[in-house]
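Undergrad: If you want the building blocks of each chain, they are given just below.
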Amino acid sequence: MTDTTEQYIALAGVRKAFRIGVETIPIFSGLDLSIPRGDFVAVMGPSGSGKSTLLNMLGGIDRPDAGEIRIGRSRLEQMGEAARAAWRAHSMGIVFQFYNLLPMLNAAENIELPLLLKPLGRRERRARVDTVMELVGLAGRQRQFPSSMSGGQQQRVGIARAIVADPDLILCDEPTGDLDRTSANDILEMLSFLNRELGKTVIMVTHDPEAAAYARRTLHLNKGEFTEGTSR
Amino acid sequence: MTLLELMRRNAWRKRLRAVLLMFSVGVAFLIYALTASFTAGSQGAADASDNLLGVFNKAGRGLPLPLAYLNRIAAESDVAAVAYTARMRGFVEVEKNVVVVSAADPRAIAAASGEELGLTPDLIAALEKGGDRVLVGRALAEAQGWSVGQRIGVTSQLMKADGSRNWSFTIAGIFEGANAGTDTYFMLARYDAINAARARDKDTVDAFVMRPRAGVSSGVLAARIDALFANSAAQTKTQSEKQFLEAFLRQYADIGLIVGLVVAAAFVTILMISVNTMLFAIRERRFEIAVMKVLGFSGERIVALVLGETLFIFAVGGAGGLILAKLATLVIGPEFGLVFGLLVLLKSAAIIAGLGLLTGLLPAFSAMRLPIVHAFRTR
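Same order as they appear, the protein sequences are chains A and B.
Each residue of the first sequence is one higher than the last, beginning at 1 in the working numbering.
Each residue of the second sequence is one higher than the last, beginning at 1 in the working numbering.
Keep in mind that the hints are not guaranteed to be accurate.
Claimed, not checked - Residues from chain A shown here face chain B by an in silico Cβ test under 7 angstroms; the list is partial:
(1) 82
(2) 104
(3) 113
(4) 116
Don't read these hints as lab results, they were simulated from the structure.
Predicted model, so just to flag it, every value in this text is computed and none were measured.
Even for Gly, the Cβ is constructed at its ideal location relative to N, Cα and C.
Whenever a hint applies, use it, and build me the whole structure from the sequences.
TA: As structure tokens, this is what we get:
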């Protein structure tokens, strides 16, 4: 695929298959991908094309059967579970389709979760949480619990949680899939802002062409291969 | 928020379940603390001295020994102090209200075991003022509602020379015992007065109480005392106070074993209940655990969170049970042999920590091994 100024994400010869019973279903059979730092990439494709698997591997959640996954200076496929957990804590933020906030924690506490893994004092954690909450338009809602928030607000909390530890990479798994159009546009504007103004590398899996239009380029994945790319 | 706060929130998220689990843990520790307090107390066995030796009739503890043995025992160079007692069982008003009167020489008993019983010089002086005076133990005085100066009557199996079984005493003072574990459910009377008044067994005692000199082995001295009377008509058996009390309790049953079995059964039950509950709770939270792992929580941190959660539940439940047990021992008092001391508290704390960790191990291990992708796929 395209390689621009600085290659930040590089996948080379990635193979992945799932075993269901005695049957082995191949997902990727030698996938290559290169994404420069600071890019905003939308990954589209039909169900079962491997979008989520790709996202999981980019997030160090799943490992390839073979091939190389390099993000920055990290070789994810060579890392053990503990090292990948540490990498996720410091280098990656993730935004889920269904927000996946912990129901017993309020908005501020949900956002603070990744900071508990860093050597920060309570005051600094709170300051960072307040900053990102203001950034995503949730100032003053620190004590509100997810159950009393709208989908759009919950997704803002999800985005705040993804960026509070200041990672370089933000992965989004259908971030607007559960939202109405207005809320979806707000969220996409926010992701655009994070990419454009803060230089975050954003990779967003989506089914929605309108959502993909916010990305700098779109990759189409079909049967484990990128079939075409659209750049803006 | 801190990781500790996160543990607490996790534990409280299903309040009814948490409360029920804590209640179960609390009941188990209430049982444990009460039985352990009973074992520790065992009518004073816990705080009974190993250094205070009792000389009894070898043929049976209820049988008398001649008072004349006193001089030979006192002549032993390694004996620091020796006293003698004649015990008299009786009842006050109703037959079920059993009391024990221990007749002794005031100064001798003060020298031998005055420290353990809390016999102050004032109390001894008060006892010496008249033959009908008694010193009453704090536990007995509280149980009977007696106070100093009160006149009390005891009907005893010990007959007086005039054929009467009714003994009247005036309470000269109340002794406290050295600590909560000391048996104070009896009264001390004057041996000379009891001995003069009784119809039978005059100039005999039920036991000699002696305190060895510092640095002298109790076991060696006991053997030497018994050797003194080996060829006498009434041979002796010398034991420490603690050995005596423990042997006395074992006459009925091995209380320690029974208590151990009851407690073990309670703990095994609570362990199974809590492990099952925690496994269920973790199963319900598979997805959230996976989310936390995605956020960067390592397997070790997840283990720590789950173990912390179970420890929290055990700590709160266990503390509740221990507080209730302490209150129970304060209310029903040492006359039932319940002593909730530091040792019981420390053992309980250790068991709380051990069971808390043990309970959390399996759920924590299961959470640690949970594959993120699998948890997401099976939501």
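Undergrad: All hints, please: hold or fail.
TA: Comparing the hints with the structure gives:
1. 82: Status holds, d = 5 angstroms.
2. 104: 5 angstroms, holds
3. 113: 6 angstroms, holds
4. 116: Since the shortest Cβ distance to chain B is 6 angstroms, the answer is holds.
Comparing the model with each earlier hint shows no violations; every hint is respected.
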